[in-house]
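4 protein chains.
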Amino acid sequence: MYSFSNDYSEGAHPIILERLSSTNMDQTDVYGDDSYSAHAAELIRAACGREDAEVHFFLGGTQANFTIICAALRSYQGVYSSSLGHINTHEAGAIEHTGHKVLALPATAGKLTAAQIEESHLLYLNDPKREHWVQPKMVYVSHPTEVGTLYSRRELTELADVCRKYGLYLYLDGARLGYALASPGSDLTLKDIAQLCDAFYIGGTKCGALIGEAAVLLTPELKTDFHTIMKQNGAVLAKSRLLGLQFEALFTDNLYEKICRHGIDMAMCLKEGFAAKGLAVVAESFTNQQFPILPENMYRSLLPMYAMGSWEVYSNGTRAVRFCTSWATSEEQVGKLIRDIKSF
Amino acid sequence: MYSFSNDYSEGAHPIILERLSSTNMDQTDVYGDDSYSAHAAELIRAACGREDAEVHFFLGGTQANFTIICAALRSYQGVYSSSLGHINTHEAGAIEHTGHKVLALPATAGKLTAAQIEESHLLYLNDPKREHWVQPKMVYVSHPTEVGTLYSRRELTELADVCRKYGLYLYLDGARLGYALASPGSDLTLKDIAQLCDAFYIGGTKCGALIGEAAVLLTPELKTDFHTIMKQNGAVLAKSRLLGLQFEALFTDNLYEKICRHGIDMAMCLKEGFAAKGLAVVAESFTNQQFPILPENMYRSLLPMYAMGSWEVYSNGTRAVRFCTSWATSEEQVGKLIRDIKSF
Amino acid sequence: MYSFSNDYSEGAHPIILERLSSTNMDQTDVYGDDSYSAHAAELIRAACGREDAEVHFFLGGTQANFTIICAALRSYQGVYSSSLGHINTHEAGAIEHTGHKVLALPATAGKLTAAQIEESHLLYLNDPKREHWVQPKMVYVSHPTEVGTLYSRRELTELADVCRKYGLYLYLDGARLGYALASPGSDLTLKDIAQLCDAFYIGGTKCGALIGEAAVLLTPELKTDFHTIMKQNGAVLAKSRLLGLQFEALFTDNLYEKICRHGIDMAMCLKEGFAAKGLAVVAESFTNQQFPILPENMYRSLLPMYAMGSWEVYSNGTRAVRFCTSWATSEEQVGKLIRDIKSF
Amino acid sequence: MYSFSNDYSEGAHPIILERLSSTNMDQTDVYGDDSYSAHAAELIRAACGREDAEVHFFLGGTQANFTIICAALRSYQGVYSSSLGHINTHEAGAIEHTGHKVLALPATAGKLTAAQIEESHLLYLNDPKREHWVQPKMVYVSHPTEVGTLYSRRELTELADVCRKYGLYLYLDGARLGYALASPGSDLTLKDIAQLCDAFYIGGTKCGALIGEAAVLLTPELKTDFHTIMKQNGAVLAKSRLLGLQFEALFTDNLYEKICRHGIDMAMCLKEGFAAKGLAVVAESFTNQQFPILPENMYRSLLPMYAMGSWEVYSNGTRAVRFCTSWATSEEQVGKLIRDIKSF
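Protein chains in written order, with the working numbering: chain C, 1 to 344; chain F, 1 to 344; chain G, 1 to 344; chain U, 1 to 344.
The set of hints was computed from the structure by calculation and includes no laboratory data.
One thing to keep in mind: the hints can contain errors.
One copy or two, it doesn't matter: identical chains are merged, so the pair holds either way.
Unchecked claim - Below, a list of computed lysine-lysine pairs in the BS3-like style, where the Cα atoms sit at most 25 Å apart:
id, residue 1, residue 2
1, K223, K129
2, K223, K165
3, K223, K258
Model, not experiment: these values are computed from the prediction.
Kindly generate the complete structure, drawing on both the sequences and the hints.
In structure tokens form, the structure reads like this:
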């Protein structure tokens, strides 16, 4: 039985584990003041081309999201998100728990558009009773999106332009950012993102780390007292070395890029395999999540051998399925799966 | 330079690292559903003698505290704590961030007493305007306390009795619980604690784990929808194996007890060394934090060789200093420190 | 210039003012303990046919909504509302400020349907990852709705049935309840509402009072420590006599019903006048808000004489306009407006 | 039976009631935009000598306190208060409900001192782990204090100086401000307060209004989007005329000053009467709350005739009692009480 269910079924990339082991008995400073964290932050700033960036390490994506959003917004402000956005669905109301409304907008291929933000925001601005509304102050996007699609450089630039025009922050959730950066379907670089966004985070958990995400804060007002805000939200780690060491490893010798590229390569193999078999897809994806539509009996024949996500069941006897690859995906298993499908 | 600054300067106990490495490429379930977490929970329930306990793993103590307190209290309820309590001082207002008042009471040797809780609570109950007050609903104690002292079995039993009498929850913060259990100064067992408290957590971070704390929920009403409450507070880990594996290791072959006993042994060596030199202490401590009072010139002579915590400076040319030992403390360095003090 | 802009442009019904004056120098108990409030609560319980109801007086609708919702929900629970619902739009995020997500659903003629709640709730219940979602726990409806429509007895009964089936609370916002009860288009009585809902409030501000709303709590668990929850939310009035006296007056000699019927009578006159002129309406309304569609030049000719709400501008040279009547609406002005329209 | 229990047992000053009656059927703008509120704000700005002040009307003191504090603080910031401060005791945790810690300090004669704030704040600033503490950002004082004492001009100036030195806001709760301004024991004028504080409120409820408090915001950053913050906290009144009309009346022809002076005159009569009888007091008070210590049998003989507050019972057979006077206190009843005491 092999699992394509998600990209966090295994532990950490071996280089990371090795680094944890080899430094284990070193005594370090704590609560973010250790030298590994400092070095990792430096490497990330360099990779982003932003020496002014503040880098903070979080333990998970939900924690990063609500802490950054809470830091950015005043009590009566809200955040635009696609209705599919992780903060609007799978975070158990974490954003509302910090007091803020998620202003959900319909998604187009999983994405928000600049035109859509402008239209929504003008409705707010032009309402004579707008003082009785939640004041929008931030735009939240995920890249890749929750359905595996990607913002192009032009799309994100347009979003950033609208945000600047109306004084909104642009925040990017990069839980799977490594797979976006390594994707053949994306022209957005890490440096682009660091130019366009006010804040974003670089996902570690799904991209080879054992645990952790690296938040990059660019706009000065988001940086004020950020460590205290993290502490208040349970995001300051005593043994911060654990996070520093991992991101130091990931941003040394392009490890982050290399291992995520493996995940993408595996996904592209699957994509080709599905296409060769003539299977339709929910939407064309160039990231590590693939959504083919399988005949029900093919799905059932695969079930004993592969774990995968059942996405949607259709009335015509087919089913959309999610296959997720990662840095850890076995080339052998991918090959076997393609052969099993081909020979079905 | 050797550090006695705290008990989280190093990584994890080698057995834990080894377990992480040997299982690294196993594919597991996620978000707390992995088999390691299930097994660890089972081991902890057995160690506690409470098959009815629910065990959940947190990433840190502040996170465990505010999530459990938030789960237990309704919006207008508060929690009694000693004024020195971690939740009242070093958590950046995390409890208040979830909407609840910390009802601070003066500490006696770092501890709360049953009589004190009863007196305070009667003041509340007898106030005809008590509907305008925060309603006390929980008692928070740390064991060992923030100053290294310990509750006796009798003291905790009395606290539990008062809590039951008045419908208050008793919650114990066990960030350093391993050192309390291993201390020659304590008659409180893990099973006692699991009988007396409504909830508590077993500290991992300071007791040999790389990261993590194990919360034990005993009273049924605290268990309702707890996983969702954790998720909302950023405490659900995708790769929950990381926490499960560590606590599985710690609760196999008495590892938790053994390695914390080492920390206590080292602390007792220091205690004897200080006494042999005729140094006074702030308060007698049988845990892994020792607070001798050093002449200023002795302190300065040690500074280049040892990191330690400066606790308080007195006008008579002495200074209270905190030395902290742990599972990782080097026997050689302890010996060297004692010799350096002796020969001063 | 006469205003049909809203139903809170004037002060209070003269009988209320007279009561305030005649009792002014009486010394009363405070913070809700005065005899006027007790008597008003008794009258409301009788009118509702629910001797077990708890009645509390609020200063405004937003305050009533967020206090009751906050009292009913645990931190991770949310409330279903139509996307047009007042709590989802015009309360500046007050519900989110108390930590709860508004789960917005599309409105049909301003209303939620039982089938829609069941469908949404089954999606939640059947999601294997539902522990990562906000848990729905309450249904919020407004009656009349924000667009002046009314729930029938059957519709509200079906909603109540679905709520009971799934353990959801049903809460009704009755900011304009008096106009619903007096409407020829409604078969729902106050007693029906008090049987079907877990909580609701009877609007005073828009129905003849100077200030205030009367919340009726029916389900026992919503009553626990409610006075303290009100105090924490700024809803306990020192001179509670002000609220008690007004509702005592409104629920004596059917004053509430009588004066709201005047508002409805005036609205029905307008409705007939618009129909006689052949004007279309946005939706047929039997409450005190009427939404005719006026040719732009007719609208402009009325503007110097009447204040009204511009609802929507259409590209065909017409405009939907809101005319709002109330207990205070002048019969003469209504007649004059109808004549002005007729003669246009 | 006559009540000296508090200063909100009666309705409103007759001039206020008359104004409400005479304007009752005028149609006004709503939600704070009515002309009465605008005029009242203008009168208050003039009385304060601060044309730059923003004036907002609240429904009660708790609501004013938590809304202003919530507007001023970021999520991790707290407010210094005397341990007796209303926000620390009788507001059911309203401040914590908005997420902020009340940093309680011991009171001296009910007051905070500048030296005390500086000392506490330096402890915070000098703590190397201060990023793990709640960040103090505001000082809350009540004037008169909860025990009837008064800040002198010098004391409040020193507090303001310390606040400016450390970037703290100074906020004054003036629930009974009228009695402070009218007191022979105070040299602080309204203009002084408006120079020294960043924000304060002028109490109406206890000083002759039916309901309402007037908040005065001076520091620009506290004014941003304040109306929306009020709305989110349930503090925006639809019929805002109710508040505007009352404060317009109170700040016309010195009504506020005149009627509060009556309350003070009555209190001074009581003070003299107690002194003439040789009764000790808890603390000398020059405001409308007097705290004589009565022999128990004298207290019991008065009980059937007068309602008063039992403050504290002493073991020597005496009892501290609170007598509260107001704009409404009857000269006859004061005279009768003094005679009853004299002849005891």
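Going through the hints against the structure:
1. K223 to K129: between (32 Å within a copy, 18 Å between copies)
2. K223 to K165: Answer is both; intra-copy 21 Å and inter-copy 23 Å each pass.
3. K223 to K258: Neither way: K223 and K258 sit 31 Å apart in one copy and 43 Å across, limit 25 Å.
Checked against the numbered hints given earlier, the structure breaks only hint 3 and satisfies all the rest.
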